[in-house]
Structures are given as structure tokens and as C-alpha cells.
Amino acid sequence: MSITAPQAYRSLKGLFAVYKLPNQSHTSLIDQVTTQILIGLNRLEQRPPKCMVAFKKLSNVTNEDFTWRVNQIVKDSTSSALISENNLSIPTNVVDWFDHPLVQGPRYTKEDLVWYTGHALDYEASGVQILGLQNDGEKMLGIVGKKKLGRTYEVKGRFGLATTTYTQEGKVLERTTWNHIKPQQINKALSLIQGAHRNALYRAAEMDLSSNEAYTAACKGTLKPRKFLGPLFLNIKLIEFSAPEFVIHITCLDESCQSLRALVANIGKRLYSGAVCTKVRRISDGIFSWDDEHTLLSHKLGGVERVIEATRDSYSRLLNDPRDFTSKRNRKRFPAADIPNKDRREKSPLLIAASENL
Amino acid sequence: MENFDNFDRSLEHHFNNMGEKLIPKQSQSLAYYVDISKSLQSLITFGVKLHKIEKTHPETLDMLTKLRVKEDLRPKLVFLHNELGIKPDQFADIITKCPQYLNPENEIYKTEEIVEYFTSKKFTKEQITDIVLRLPTILCYDVIKIDATLGFLQNFQVSTKQLRFQADQVREMVMRSPSLLTQSPSALHVNGQFLERSFGLRFDEIKRMITTYPRILLLNTEDLELKYMFMIRELDFNNDEVIKFSLIFNASLRLMEHRHGFLKSLGRAQYKTDQVGYLSPIEMFWCNEMEFMTKLGFHNRQPLDNYIKTL
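Those protein sequences? They're chains A and B, same order as listed.
Just so we're aligned: the first sequence equals residues 1 to 358 in our numbering.
Just so we're aligned: the second sequence equals residues 1 to 311 in our numbering.
Just chain A, same shape as in the assembly:
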């Protein structure tokens, strides 16, 4: 038994992650995803075409029109006499050509799917992008967005150039040498930046740093500022360094893709040469990472059932996460998942005894 289209449409809600390819705009990504889902939905079993009520005289009524109701009307002695005497007519169901699928077109269209997005990627950047469907997706994005979970990026750079737009396609400002650079020097520069940003975060957290609360919050990862301080790069690591090209992994808060390219140019400056960013790629966004089987390629989703599985997987991950997404206030906002109803107030023994004795 395969799913019917209305069942699939009702279960298409929530969050799921998509892998975006480089050199693609945000609107074209959403168009790609909607067309694939609509093709899948319109291939499933649809609702039958609606019928129309037509009034026929007794002589024109056929065997197919004799439903239970019509039989009752005809068999009653009083009504059958009236019908035959005065040539009155009986209501019957008739095929309605107006609602035929070849006349109306596909049952599901673009307006049936409403999209909400997480932090959006650039035109040139690639990586994991969260998408939310329908009202539930909007609510879940609001909840997940307030808990500022870090995003990790893989950034590739190249020494020897400095440009206006921090990429290879900008106007060249200077060309420099890079033979003097060694990996220990790069690590030193990165740790300096990392330490400065982390200090700014601790100072702005508005908590007594010598208390236990701050320690537990830092362990969980919820020690975040409320104000906007700018892009914060909390963890920068060098992974590969081969001649002028290098690769770093960054975890950050409140960032944009252009700020990462500016970081790369800053690194080049600190090392007495110039640097330029060749690639920005998002590895993980909160809970979703590029490795999962449930992050789908934008041009090859793999069917409607796969999207539904991805949304259900994200539900279970958010519920089982130890970072407390399901506070009592948020449990009401999440749709009915496998949560036992623990919020029922316990009755006092007086009330129980009173209800039993009545």
C-alpha cells in the first residue's frame, strides 16, 4: 500500500537540510526543490473527481443512480405517488467534467508549499542549508534560531594576492611572496584571533564567570551573548597547507560569508603577505551536517518519501538533544510527537476521595 497524495501533503512539514551547490541563487534553489516535490506529489494517488447533483425525472433514472436514499424516496407510498403524478424530479449524482484532472490541471501547485529558510548562503558559497516547510517549519526555525548553535565552515584560501573583494575575481591591489610562511606561523596567527573573539564572548555574557551556572552553560554550549557583537570566530583550525593554498575549519556565530572572506584577507596581512578566498563551504549548521544520509542534494532529492523521512528524523533529533529544546513552553508548539503527557497536574487525595464517593 503506497501513500496517497493527501497523506503525503499533510506529512510534508517541519525542517530538513539541503546541500546547495556553488554558483546558484537562493530563489533558484527553492524553485528546484518545489518542482521536484510537486512532480512526486502529483504522481501519487489523487482524490477522485467530485460529483455534481442533477435532478432527473423518474423515467430517466438508471440503476446506477439508485442509491439508498433514492430507494427510500421511491419506495415510500406517498412520495412515489407525488413523483409520478406531478412529474417531479429526483436528485442524483452525476459525473462533473469541471473537476476532471485534465481540465483543472495538476492538483498541487507552487502556492501549496510555503518555504521558510534558515541562515541563507551566498551565490558562490555551497553547503548545508536548512529549509522549513509550512507553519511548523516557521515555528521550529524560530525556536532553533534563538538557541544560537554554531555553524562550521570549510574555507579554502590562497596566498600571494590581495584584492578588493577578497576573491580572485576582484581588482588586484598587490601581489606578494609566500615562500617565508610556515604552518607554525599560521597556527599562531589563528590562535591569536580565536582567543580575542572568545574573550569578547565571555565578557559580553553578562554572567558571573566564577559561578557554577556559567560553568554548566559553557559545558553545554549555551554561554552566548544577547547583544549583537559582530561575527565571532570561536574555533579556527588549520587542516591543510600545501604551497600557497591552505584549508581552515571555522566555527562561528552571527557571521556572513563575506566576513569569512575578510578573515582570510586578514590572515594574509598578519603573515606579511596577501591572501584571497577561493571557496566557502558550510559543513554543519547546528544539528545538520553534510555527512548525514538525510541531507539531500538540491537537484536530486530522491522522492517525496525521502523528504518526509528527513523531516521526521529532524523531529526526533531535536527532541533527543541534550540541549533542552523541549522546554515546557516549547512542547506545546511542537506537533504531536512521541512525548508522554507529563504535564498533567496531580490531583490531591481530597479530590480523588470526593470523586469516588459521589
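Hints in this document: simulated from the structure, not taken from any laboratory.
Source: prediction; values computed, not measured.
Here a beta-carbon is modelled for each residue, glycine too, at the ideal position from N, C-alpha and C.
Any given hint could be a false lead.
Using C-beta positions, here's what the derived DEER-type ranges look like [said to hold, decoys possible]:
(1) A:P49 x B:Q28: 16 to 24 Å
(2) B:R74 x A:N60: 22 to 30 Å
(3) A:D112 x B:S27: 18 to 26 Å
(4) B:S186 x A:P22: 34 to 42 Å
(5) A:Q104 x B:D240: 49 to 57 Å
(6) A:D65 x B:L11: 55 to 63 Å
(7) A:D99 x B:P303: 42 to 50 Å
(8) B:P24 x A:N60: 25 to 33 Å
(9) B:R254 x A:D99: 38 to 46 Å
(10) B:R233 x A:A262: 26 to 34 Å
Facing chain B, according to a computed beta carbon distance under 10 Å, are these residues of chain A, among others [claimed, not checked]:
(11) L21
(12) P22
(13) E64
(14) D96
(15) W97
(16) F98
(17) D99
(18) P101
(19) P106
(20) C219
(21) R281
(22) W290
(23) L297
(24) H299
(25) K300
(26) G302
Starting from the structure of chain A, add chain B where the hints point.
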């Protein structure tokens, strides 16, 4: 009110015509008129997609509501069945793409002219049915324009020279891509000039290119340029190999980049016939994904997806 009989008589007309349908005077869709006209109902039983005709050919809607079954619809479908040998299952595609064919102003002798023209150019009957099934708009096309394009194809004019094709070659080109017939000669000339100037091919090479892949005269010049640069830089092709493997221009750039990058990551990207581990590009880029993976020895699409997620 004196009598109930008078009251009933006034309502008699209403009760007798309770199933009356109200038709709007103006509308942009055929859905309101389908309950009434038998011709539209018969079109639906054949399988014609009326919602598509509303979008692509809105000027024909007036004509379709006024069709009559016996005088207008029947003779044209009978002509398709008898003269061209088309089955009733295939009427739907033809009418959705060319509803002007049912116009009573387009009489049958015009399509007879087209069929006679093709038979005079020594196309067989099966070839003509094939052309009509793949390109239904030719049923309402002008014979003079088809003659002009076929004449241009046979003496293909490039900047200083006329490339002469033989009659057999022209027929084969038309069978392989019938949409060449609806193009104007100037559009074909533009692509021919592009082949000469930006690809840098000689005249005999252009001739070979068009016979191996005639659809290259229809593609967009911007896409052609990007694909050509990809083939020369990444795949290391000469001009000879570009002509030999010119069927690859059918595939999209994104598909070629992904598959070539995947083969490179495996270390099996070898497209020269002399070397060991030769993979023919046509087998690699002119097939499904599942076929592509089975040719390389995998059972899933997972390895390719995992590679694309690293881009």
C-alpha cells in the same frame, strides 16, 4: 394567491429545468464549457490536456468551444488515422501541441500538401508518421518555409563557401532532429558561423560535425561555448576528438562536471584511445545515473552523492 395550482404552474418551468447550467459570457478557461459541449468531452476521453492548451495557446480557446463533432473533429482525426497511420492513443499528444490543427479554417488540403511535399522528396510513409509524432506543429506549417530551410540545409552557407550535402544525408539529419524544419535559415546560419569562428574548425570538419550531431544547429551559443571550453581544458580534447565525441553536447554542463570530477577522484578519467583504462566519453555522459554507476561497478548512487557533497 387564490389557488395552489396557479402557484405550482409558475414554478413548473423552474422544476423542469433545475439542472440548467449557467455559462459565463467571458472566461479564460474551458472548464465552464466542458459540461455542455460534446466535442470537448470527446477530446478528454482521448486524453488531451486542456489545462496546457489554456497556457500555451490561448488564442485557440474560442475555436475549441465552437467545435462540432461530426463536421469539424471527425474528418481530421480520420485523416490522421488513415493517411498517416497514427493510432488513437497518440492523438492526445498531437492535439495538445498543435490545437490549431482542429481549426475549421485550416482545411485538410493544406496538410495533404505537406504530406505530398515530403513524399516528393522521397521520405517514406513511416518516416513521415515519425516526423508528425515528434513535431506536431508541422501540420499547420507553411510548405514554402519548409522548402526554404531544406534548401538551405542542402547548400549550407558558411562565410565564404557552400557545404554541399547529399540528399541521403539531409534526410538522415531531418529524421534525427525534426525540429530543424521549423527553424529559419538565418538561425541555422548563426550557429554555422559560430562553429567556424569560435571553435576554429575547417569546412570539412564542420560538415562532419553536422552529420554526426545535427542538433548542434539548434543549441544556444552561450552553452556551446562553455561546453567547448570545458572539453578542451578539463577533458584534454583536440578538435578531432571534439567532432568524434560531439554527442556529448547534448548533456548539461553540470552533469559533465560532476561525473568527470567523480572519475578523477577515483583516478579513472582516461579519454585517450591509446592509453590504458580507456573510457569512451559517449558511454559515460550519454546515459542514466544508474547505468553510469553499474558500468563503473557500483550498486548505489551513494558514492557519486558523497563526492558531490564535497564540492
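Cross-check of the supplied hints:
1. A C-beta distance of roughly 21 Å is found between P49 of chain A and Q28 of chain B, which places it inside the suggested range of 16 to 24 Å.
2. Between R74 of chain B and N60 of chain A the beta carbons are some 28 Å apart, a value that agrees with the proposed interval 22 to 30 Å.
3. For D112 of chain A and S27 of chain B, the Cβ-Cβ distance of about 24 Å falls inside the hinted range of 18 to 26 Å, so the restraint holds.
4. Taking the beta carbon of each, S186 of chain B and P22 of chain A are about 37 Å apart, inside 34 to 42 Å as hinted.
5. The beta-carbon spacing between Q104 of chain A and D240 of chain B, approximately 54 Å, falls within the hinted interval of 49 to 57 Å.
6. For the pair D65 of chain A and L11 of chain B, the supplied restraint of 55 to 63 Å is violated, since their beta-carbon distance comes to about 24 Å.
7. Range check, D99 of chain A to P303 of chain B: Cβ separation about 46 Å, and the 42 to 50 Å hint holds.
8. Separated by about 27 Å at the C-beta atoms, P24 of chain B and N60 of chain A satisfy the suggested range of 25 to 33 Å.
9. As the Cβ distance of R254 of chain B to D99 of chain A is approximately 40 Å, the hint placing it in 38 to 46 Å holds.
10. The beta-carbon spacing between R233 of chain B and A262 of chain A, approximately 31 Å, falls within the hinted interval of 26 to 34 Å.
11. Hint on L21 of chain A holds. Least Cβ distance to chain B is approximately 6 Å, under the 10 Å limit.
12. Here the hint on P22 of chain A is kept, as its CB sits about 7 Å from the closest CB of chain B, short of 10 Å.
13. A distance limit of 10 Å between C-beta atoms decides the matter here; for E64 of chain A the minimum to chain B is near 17 Å, and the interface restraint is violated.
14. The interface hint given for D96 of chain A holds, since its Cβ lies 7 Å from the closest Cβ of chain B, which is under the 10 Å cut-off.
15. At its closest, the beta carbon of W97 of chain A sits 4 Å from a beta carbon of chain B; the interface hint therefore holds under the 10 Å criterion.
16. Interface restraint check for F98 of chain A: the shortest CB-CB distance to chain B comes to about 5 Å, inside 10 Å, so the restraint holds.
17. With a least beta-carbon distance of about 9 Å to chain B, the hint placing D99 of chain A at the interface is held under the 10 Å criterion.
18. Because the smallest distance between the Cβ of P101 of chain A and any Cβ of chain B comes to about 9 Å, under 10 Å, the interface hint for this residue holds.
19. Proximity of P106 of chain A to chain B holds as hinted, the smallest CB-CB distance being about 8 Å (cut-off 10 Å).
20. Taken as an interface hint, C219 of chain A does not check out: its beta carbon lies about 31 Å from the nearest beta carbon of chain B, beyond 10 Å.
21. Hint on R281 of chain A holds. Least Cβ distance to chain B is approximately 8 Å, under the 10 Å limit.
22. Interface restraint check: W290 of chain A against chain B, minimum CB-CB distance 5 Å, threshold 10 Å, status holds.
23. Evaluation of the L297 of chain A hint against chain B yields a held restraint, the C-beta minimum of about 6 Å falling below 10 Å.
24. With its C-beta approaching chain B no nearer than about 8 Å, H299 of chain A sits inside the 10 Å limit, and its interface hint holds.
25. Annotation: interface hint on K300 of chain A holds; nearest CB of chain B at approximately 7 Å, less than 10 Å.
26. Of the supplied interface hints, the one on G302 of chain A holds, with its beta-carbon coming within about 9 Å of a beta-carbon of chain B, less than 10 Å.
The structure fails hints 6, 13 and 20 (numbered hints given earlier, in ascending order).
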